[in-house]
Amino acid sequence: MTNVLRAAWLIARKDFRIESRSRELVYTALFFAVSCILIFSFAFVREGEAIDNSAAGILWVAIAFSGTLALGRTFERERQAETLRALLLAPVERSAVYLGKFLGVLSLLIGIEVVLVPLVAFLFNAPLERAPGLLLALLAAGTVGFVAVGTLFAAMLGRAESRDVLLPVVLYPITLPALVGGMQGTAAIFAAEPNLALAQTWLSMLIFFDAVFITLSLWTFAPVMGE
Amino acid sequence: MFGMAPFLIDSAPYESTMGLVYKIFYFHFPSAMTMLVSALTCGVASAIFLFSRRPGADRVAVAAAELSVVFGLLVFVTGPLWARKAWGTWWIWDPRITSTFIMWMVFNAYLLLRRFGGAGSEVLAAAVGFFGMALVPFVYWSVNLWRTIHPLTSVVPTLPVNMGIPLYFCWTAFTILFVALMLIRVRLEHARTRLEEAYLAVDD
Chain A
1 MTNVLRAAWL IARKDFRIES RSRELVYTAL FFAVSCILIF SFAFVREGEA IDNSAAGILW
61 VAIAFSGTLA LGRTFERERQ AETLRALLLA PVERSAVYLG KFLGVLSLLI GIEVVLVPLV
121 AFLFNAPLER APGLLLALLA AGTVGFVAVG TLFAAMLGRA ESRDVLLPVV LYPITLPALV
181 GGMQGTAAIF AAEPNLALAQ TWLSMLIFFD AVFITLSLWT FAPVMGE
Chain P
1001 MFGMAPFLID SAPYESTMGL VYKIFYFHFP SAMTMLVSAL TCGVASAIFL FSRRPGADRV
1061 AVAAAELSVV FGLLVFVTGP LWARKAWGTW WIWDPRITST FIMWMVFNAY LLLRRFGGAG
1121 SEVLAAAVGF FGMALVPFVY WSVNLWRTIH PLTSVVPTLP VNMGIPLYFC WTAFTILFVA
1181 LMLIRVRLEH ARTRLEEAYL AVDD
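These protein sequence lines map, in sequence, to chains A and P. Every letter in the first sequence is one number past the one before it in our numbering, and letter 74, counting from 1, is 74. Position in the second sequence counted from 1, then plus 1000, gives you our numbering.
No lab work stands behind these hints, which were simulated from the structure alone. Keep in mind it's a predicted model, so treat the numbers as computed, not measured. Each residue gets a CB set at the ideal place from its N, CA and C atoms; glycine is no exception.
Simulated restraints, written as ranges between beta carbons of each label pair:
#	chain 1	residue 1	chain 2	residue 2	range
1	A	34	P	1056	43 to 53 Å
2	A	111	P	1092	36 to 46 Å
3	A	107	P	1056	34 to 44 Å
4	P	1193	A	122	54 to 64 Å
5	P	1092	A	226	42 to 52 Å
6	P	1056	A	162	20 to 30 Å
Just so you have them, the derived chain A footprint on chain P, three or more residues with Cβ under 8 Å:
#	stretch
7	1095-1106
8	1110-1116
9	1127-1133
So that you can see chain A by itself, here it is in the shape it has in the complex:
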């Protein structure tokens, strides 16, 4: 078990180091998220004011879009350098490879959210200070669920044809509960009449979703990635 975690940590650190040297993904995914927000502003702003409760939806759609970009690019990098095979040939458990990649993408997406959440709050008048702990928990649980499923599908699509198109096609229907949970929970906090009990219900659903789908992903990663 400690071996698995150690190998996962090494893989995540490798991705982290590549990213910190080029900063390609942080910059591009963040810029992409901000452009999404710009487009949303034209859809959801009337007479200079954001429509009620649009902030939560905008935030989560931006997270989902930039997350998809990050997922696709992370594995594209491995494919271009032909290192995915090396990674799979490494004498470690398959689940360690999955966990390592998962941690790498997760930390990247959290880094993007650190900028994105205050920005959305600033632009669309979202009351971040209302329930900061609950909001953080929702963001964490939703992102973990999205990345857990996303890592598995991005990894397995790494060798498929037309993978750039197929990743979002497969990813959005299957990660929908994570996105809906995050979105609805956040909306319950941001609403004019906040409903924190409802946000907590969504949070517990998200945690349950995370537990089930991380387990399933760990379980299916080896058979899916093949020999």
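Please arrange chain P on chain A, whose structure you already have, making use of the hints.
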């Protein structure tokens, strides 16, 4: 049975508030149930294929995925026609419709992946089918936090007999149709594999 169905449906009494449009229910409900059954079949077959790599399971999975998309389409054609009359609107984002729609999207993704994924995509598609099945409770639960106006499942057993008989008749017909289509589709897939093997043998 499909030849007889219109006469039975015709003989069923008119529903007091909805009139003639109600009769579309005799096709709507059976297609929805058949879609559910074939989605479940696809999920189970995908899981079996993923872990045992039995080619037979894959053939069943692809046949079931195609059928759930087809029957899903039937549901989405008959549903709005009925809803327009009954609720005054084509589409409502109520839990049951939304979750059916999401599951339908999952199986569309399954087929797209198989169609455009290239070599080895059957394993990837199997993962989609398997995850799609695991998704059902979450999708259902999360969309259920909204209010519903869809008739509950408890309506069906309480239908009067003269409405119930045509309904069960249609349901049986749809189930038989599903089984027949499944058998044909699986056999087609089987023949296709055999043909490919034969080609490869000739090439060697």
